[in-house]
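> Dock chain H against the given chain W, drawing on the hints supplied.
So the sequences go chain by chain: W and H.
Start counting the first sequence at 1; every next residue gets the next number (our numbering).
Start counting the second sequence at 1; every next residue gets the next number (our numbering).
Hints were generated in silico from the structure; no laboratory data involved.
We treat Cβ as the ideally placed atom computed from N, Cα and C, and that holds for glycine.
Be careful, since some hints might not be right.
What the simulated footprint calls covered on chain H by chain W, stretch by stretch (three residues with Cβ under 8 Å from a Cβ of chain W suffice, anywhere in the stretch; the number is not a length) [to be verified]:
1) 174-183
2) 192-204
3) 273-283
Computed list of lysine to any residue pairs in SDA-like fashion (alpha-carbon distance at most 25 Å, straight line) [what the hints assert, rightly or not]:
4) W:175 / H:188
5) W:129 / W:116
6) W:129 / H:282
7) H:172 / W:34
8) W:125 / H:194
9) W:125 / H:175
10) W:125 / W:88
11) H:172 / H:233
12) H:172 / W:175
13) H:172 / W:28
14) W:129 / H:214
15) W:28 / H:233
16) W:147 / H:280
17) H:172 / W:113
18) W:129 / H:177
19) W:129 / H:172
20) W:175 / H:80
21) H:91 / H:233
22) H:172 / W:116
23) W:147 / W:135
24) H:91 / H:80
25) W:147 / H:281
26) H:56 / H:247
Here is how the chains run, residue by residue.
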Amino acid sequence: MTIDTAKADLSSPAATSAVASKPLIALKGVSKVFSNGTTALQNMTMDVHQGEFISLLGPSGCGKSTVLRIIAGLGDVSSGAIEWPTSGHDATGKATPEISFVFQEPTLMPWATVFNNVWLPLRLKGVSKTAAREDVLGALEMVGLEKFADAYPRELSGGMKMRVSIARALVTRPKLLLMDEPFAALDEITRFKLNNDLLHLWEKFGWTVIFVTHSVFESVYLSNRIVVMAARPGRVVNDMPVDAAYPREEEFRTSTVYNDYCRKASNALHQAMGANDHL
Amino acid sequence: MSAIETDKTVDIAPAELDEPAPVAAPSDSLGERILKIVIPIAMLALLVGLWAWYVKAYNVPHYILPSPWLVAQTLVQDWGILSAALLVTLKITFSALAIALVGGVGLAVVMTQSRWIEIAIYPYAVILQVTPIVAIAPLILIYAPTTQSAILICAWIVAFFPVLSNTAQGLKSTDHNLLNLFELYGASRWQTLFLLKMPNALPYFLAGLRIAGGLALIAAVVAEFAAGSAGAGSGLAFRLQEAGFRLKIPRLFSALLLLSATGVVIFFCTSMISHLLLRRWHESALKREN
Numbered sequence: 001m002t003i004d005t006a007k008a009d010l011s012s013p014a015a016t017s018a019v020a021s022k023p024l025i026a027l028k029g030v031s032k033v034f035s036n037g038t039t040a041l042q043n044m045t046m047d048v049h050q051g052e053f054i055s056l057l058g059p060s061g062c063g064k065s066t067v068l069r070i071i072a073g074l075g076d077v078s079s080g081a082i083e084w085p086t087s088g089h090d091a092t093g094k095a096t097p098e099i100s101f102v103f104q105e106p107t108l109m110p111w112a113t114v115f116n117n118v119w120l121p122l123r124l125k126g127v128s129k130t131a132a133r134e135d136v137l138g139a140l141e142m143v144g145l146e147k148f149a150d151a152y153p154r155e156l157s158g159g160m161k162m163r164v165s166i167a168r169a170l171v172t173r174p175k176l177l178l179m180d181e182p183f184a185a186l187d188e189i190t191r192f193k194l195n196n197d198l199l200h201l202w203e204k205f206g207w208t209v210i211f212v213t214h215s216v217f218e219s220v221y222l223s224n225r226i227v228v229m230a231a232r233p234g235r236v237v238n239d240m241p242v243d244a245a246y247p248r249e250e251e252f253r254t255s256t257v258y259n260d261y262c263r264k265a266s267n268a269l270h271q272a273m274g275a276n277d278h279l
Numbered sequence: 001m002s003a004i005e006t007d008k009t010v011d012i013a014p015a016e017l018d019e020p021a022p023v024a025a026p027s028d029s030l031g032e033r034i035l036k037i038v039i040p041i042a043m044l045a046l047l048v049g050l051w052a053w054y055v056k057a058y059n060v061p062h063y064i065l066p067s068p069w070l071v072a073q074t075l076v077q078d079w080g081i082l083s084a085a086l087l088v089t090l091k092i093t094f095s096a097l098a099i100a101l102v103g104g105v106g107l108a109v110v111m112t113q114s115r116w117i118e119i120a121i122y123p124y125a126v127i128l129q130v131t132p133i134v135a136i137a138p139l140i141l142i143y144a145p146t147t148q149s150a151i152l153i154c155a156w157i158v159a160f161f162p163v164l165s166n167t168a169q170g171l172k173s174t175d176h177n178l179l180n181l182f183e184l185y186g187a188s189r190w191q192t193l194f195l196l197k198m199p200n201a202l203p204y205f206l207a208g209l210r211i212a213g214g215l216a217l218i219a220a221v222v223a224e225f226a227a228g229s230a231g232a233g234s235g236l237a238f239r240l241q242e243a244g245f246r247l248k249i250p251r252l253f254s255a256l257l258l259l260s261a262t263g264v265v266i267f268f269c270t271s272m273i274s275h276l277l278l279r280r281w282h283e284s285a286l287k288r289e290n
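Pulled out of the complex, with its shape left as it was, chain W reads as follows (with noise of 0.2 Å):
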């Protein structure tokens, strides 16, 4: 079967590293009910291995996002635990995870330039403009924008500004990439071209990815895992892998094994969705 042939071929640092020793993050029966008496999650238990790429996949309402937030700590948990085992902690306890968020929308500062957007994670740290200057335009070099860094946001096209906001990302060299839903409001053009540009980051640099989305089929191209869950309560109903090999270029997009782990998405999308949801 085409699926197995792809399993033996993982040839990724990144992938064969994911399964090795401790967790990153451990979720831990985590729920969240909001004040308005919503459950946006519900007992949500999951693992996250170093230099995984995870899709968390679902139909909006999935609390797909509420994980994403929980684990940017922004926001607390209802009950449950959530568990940083391989990172440094502070002196109060707290964890000190390396992580970075890309939002749906680039969230650039409009007053300021590229490179000052750029900067911003390293100037909250206090480091100077001169002493952050190499890693700023480099991050802008990995996205392809270090000729715009004098730009303002404005003069930027949609995909420019996601790139702007994925280098403010990795400025910071982050271990964990948290991204929530970052191209849905691309076109379709600019979406496949940041996707194949994130992998090649991703292959690059090895980071540990959770990426939020809707689309089964962005989900199929990047991850290799992906975590379905469903709404109301929000949660979590399946936890495939895909064991398709990196690099994958554009060919994969028509490739027999990429429709096969669609059409398994899929079904577990609609089972999730089930019989009581009304679209």
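Coordinates of chain H only, in the frame set by chain W:
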């Protein structure tokens, strides 16, 4: 690793495939720019001409409506008296505006740091604003040490509110995602204020400044009327009133002209400041092109 690196860096090409970036709209053509200057000047000449013709044709006496030429003459003749009065009015206007800016921004920052302070203070700012200044003026006159300081207080009260409410609104309307981002990167309260909330509030503050600039001048004149200040150290309001009582209509007109011109200059300056600070990034300073 190195193999991946060499061929990948080539693949991560610039954003060629991204949709084209919006280009800055070209500035007005020369013809359009000339028209922008010519039309207002022609309109002004037309109105002044009509006025001069009316006075001459119907033989209107100068104590009813002086000709534009007489007004100009009076402006030159009475320049000593009028300029001294203008200086007093300007001093009050700009002092009031300066204190309003510092106080308005300061209070807005304090209010947005704590919701409780906002709940405690804001109603009084509103009360001060909605009570007509002429109604409070007599009280202020009693409490203030000098008439000039009473006028200053009145002008400040009027100019203060637009700065406060606009700045507070700007500080509060910061993008939630950007606030999350700052929290995620461990920004301190001051970093969030100076690097995020203040720049975000700038367009709102500048809108407040434009309103406050005009209001400060209006309030300086109204308060002087209400205070009934008189004598050598008085501002333009007193000269206006005096000219009216003595039926020196040409002087009344020149004082009025001076006052309007001052208002226009203040408006122009605040608009200019606003344009210079926002032209690189804010939608309000950009030309729309479809």
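> Would the hint linking residue 56 of chain H and residue 247 of chain H be met if the CA-CA limit is 25 Å?
Roughly 20 Å between the alpha carbons, so the hint for residue 56 of chain H and residue 247 of chain H holds.
> Under the criterion that the straight-line Cα-Cα distance not exceed 25 Å, is the pair residue 172 of chain H, residue 34 of chain W satisfied?
23 Å, holds
> Is the Cα-Cα distance between residue 125 of chain W and residue 194 of chain H 25 Å or less?
15 Å, holds
> Just to be careful, I want the Cα atoms of residue 129 of chain W and residue 177 of chain H compared with a cutoff of 25 Å; is the pair within it?
24 Å, holds
> For residue 172 of chain H and residue 233 of chain H, compute the direct alpha-carbon distance and say whether it is at most 25 Å.
43 Å, violated
> Would the pair residue 129 of chain W and residue 116 of chain W pass a check requiring their Cα atoms to be no farther apart than 25 Å?
8 Å, holds
> Would the pair residue 172 of chain H and residue 116 of chain W pass a check requiring their Cα atoms to be no farther apart than 25 Å?
23 Å, holds
> Please verify whether residue 175 of chain W and residue 80 of chain H have alpha carbons no more than 25 Å apart.
Given pair residue 175 of chain W, residue 80 of chain H is violated - Cα atoms ~74 Å apart, limit 25 Å.
> Check whether the Cα positions of residue 147 of chain W and residue 281 of chain H lie no farther apart than 25 Å.
Distance of about 19 Å is within 25 Å: holds.
> Do the alpha carbons of residue 125 of chain W and residue 175 of chain H lie within 25 Å of each other, as the hint requires?
Cα-Cα ~21 Å, so holds.
> So is the region 174-183 of chain H in contact with chain W by the C-beta rule, three or more residues under 8 Å, or is the coverage claim wrong?
holds (count 7)
> Within a Cα-Cα threshold of 25 Å, do residue 172 of chain H and residue 113 of chain W meet the stated pairing?
Roughly 23 Å between the alpha carbons, so the hint for residue 172 of chain H and residue 113 of chain W holds.
Of the numbered hints stated above, those contradicted by the structure are hints 11, 12, 13, 14, 15, 19 and 20, listed in ascending order.
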